[in-house]
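Enquirer: Listed below, chain by chain, are the residues.
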Amino acid sequence: MTTRKGKVSNRIREMRTERHWSQGELAERVGATRQTINAIEQEKYAPSLELAFRISLAFGVGFEEVWTFS
Amino acid sequence: MFDIGGLGPNMYNIFYTPSRMNMSNDERYAWWSLVAWIGIMFFLLMRFTTGVELLGNSLGLQIVEQSAARLLGIYLSLIIAAIIAESVIAGAMAAYAATQGVESDERDAMIAKRASLASYWFVAIALNVIVFHVLASAAFGSPLISGLNLTSTTGIAFAILFVLVGAEVVNRAALIWNYRRS
Numbered sequence: 001m002t003t004r005k006g007k008v009s010n011r012i013r014e015m016r017t018e019r020h021w022s023q024g025e026l027a028e029r030v031g032a033t034r035q036t037i038n039a040i041e042q043e044k045y046a047p048s049l050e051l052a053f054r055i056s057l058a059f060g061v062g063f064e065e066v067w068t069f070s
Numbered sequence: 001m002f003d004i005g006g007l008g009p010n011m012y013n014i015f016y017t018p019s020r021m022n023m024s025n026d027e028r029y030a031w032w033s034l035v036a037w038i039g040i041m042f043f044l045l046m047r048f049t050t051g052v053e054l055l056g057n058s059l060g061l062q063i064v065e066q067s068a069a070r071l072l073g074i075y076l077s078l079i080i081a082a083i084i085a086e087s088v089i090a091g092a093m094a095a096y097a098a099t100q101g102v103e104s105d106e107r108d109a110m111i112a113k114r115a116s117l118a119s120y121w122f123v124a125i126a127l128n129v130i131v132f133h134v135l136a137s138a139a140f141g142s143p144l145i146s147g148l149n150l151t152s153t154t155g156i157a158f159a160i161l162f163v164l165v166g167a168e169v170v171n172r173a174a175l176i177w178n179y180r181r182s
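Same order as they appear, the protein sequences are chains C and Y. Reminder that position 30 of the first sequence reads as 30 in my numbering, one-by-one numbering, no gaps. Reminder that position 126 of the second sequence reads as 126 in my numbering, one-by-one numbering, no gaps.
Derived by calculation from the structure, the hints in this document are not laboratory data. The structure presented is a predicted model; accordingly, all values stated were derived computationally and were not measured. Take these hints with a grain of salt, some might be off.
[As the list claims (entries may be wrong)] In the DSS-like style, the derived pairs of lysine-lysine whose C-alpha atoms are separated by at most 27 Å in a straight line are:
1) C:K44 / C:K5
2) Y:K113 / C:K44
3) C:K7 / C:K44
4) C:K5 / Y:K113
5) C:K7 / Y:K113
When you get a sec, could you build the whole thing from the sequences and use the hints?
Expert: Here it is in structure tokens:
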């Protein structure tokens, strides 16, 4: 059996800018560091399911509006 | 902007930090701790080995045999140096973190795990190299690496301390490497 490596993409930067939130502000809302939010936005780090849900909840939108997997 | 060597942003330049993304407390701790442990490693090599002149000190692959009392003194000095260095750095970082928001999160924990794994592999490989060196030296009658006689008390003390200090250096370097890459 072979497993293909997928890519987790997100719209955090776009949604954050719409709300005029800084990375630090979003980080505070979801209980993460600003550096982690930055790494997620740059898609260098894929967050845990829990943090991904917390980010979606912070924006007040559904999970699939923020995250896509390809 | 923190950019040693002026190489700019690329995946091989772990020293590059864009000004808009300052280091997290854990990463800052890793840098200072790395400097401290490299200093401790330098101290260890200076006390135990000779061969090459560096900054007015002699160190290299030739182990200098020492008396038991002196070995104990060096060992205690290393422990005290490590405790002082880590306490000062951890204290300074804790004071700084008190002024910040979230101190560390899941990404920091993941990076710490990867760094621990890297230092585990360093210890595993280093111990195997030492065992092979000792066994092969015994089999062939002379040390494989000239001057690295690990059958004496000094040799054993040096080998174990080198692995312990080396594991800390590898751990901090792996922390920094992973912070730069993820």
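Enquirer: Each hint should be assessed against the structure and marked as holding or not.
Expert: To see whether the hints hold, each was checked on the structure:
no., hint, result
1, C:K44 / C:K5, "holds, 14 Å"
2, Y:K113 / C:K44, "holds, 17 Å"
3, C:K7 / C:K44, "holds, 10 Å"
4, C:K5 / Y:K113, "holds, 22 Å"
5, C:K7 / Y:K113, "holds, 22 Å"
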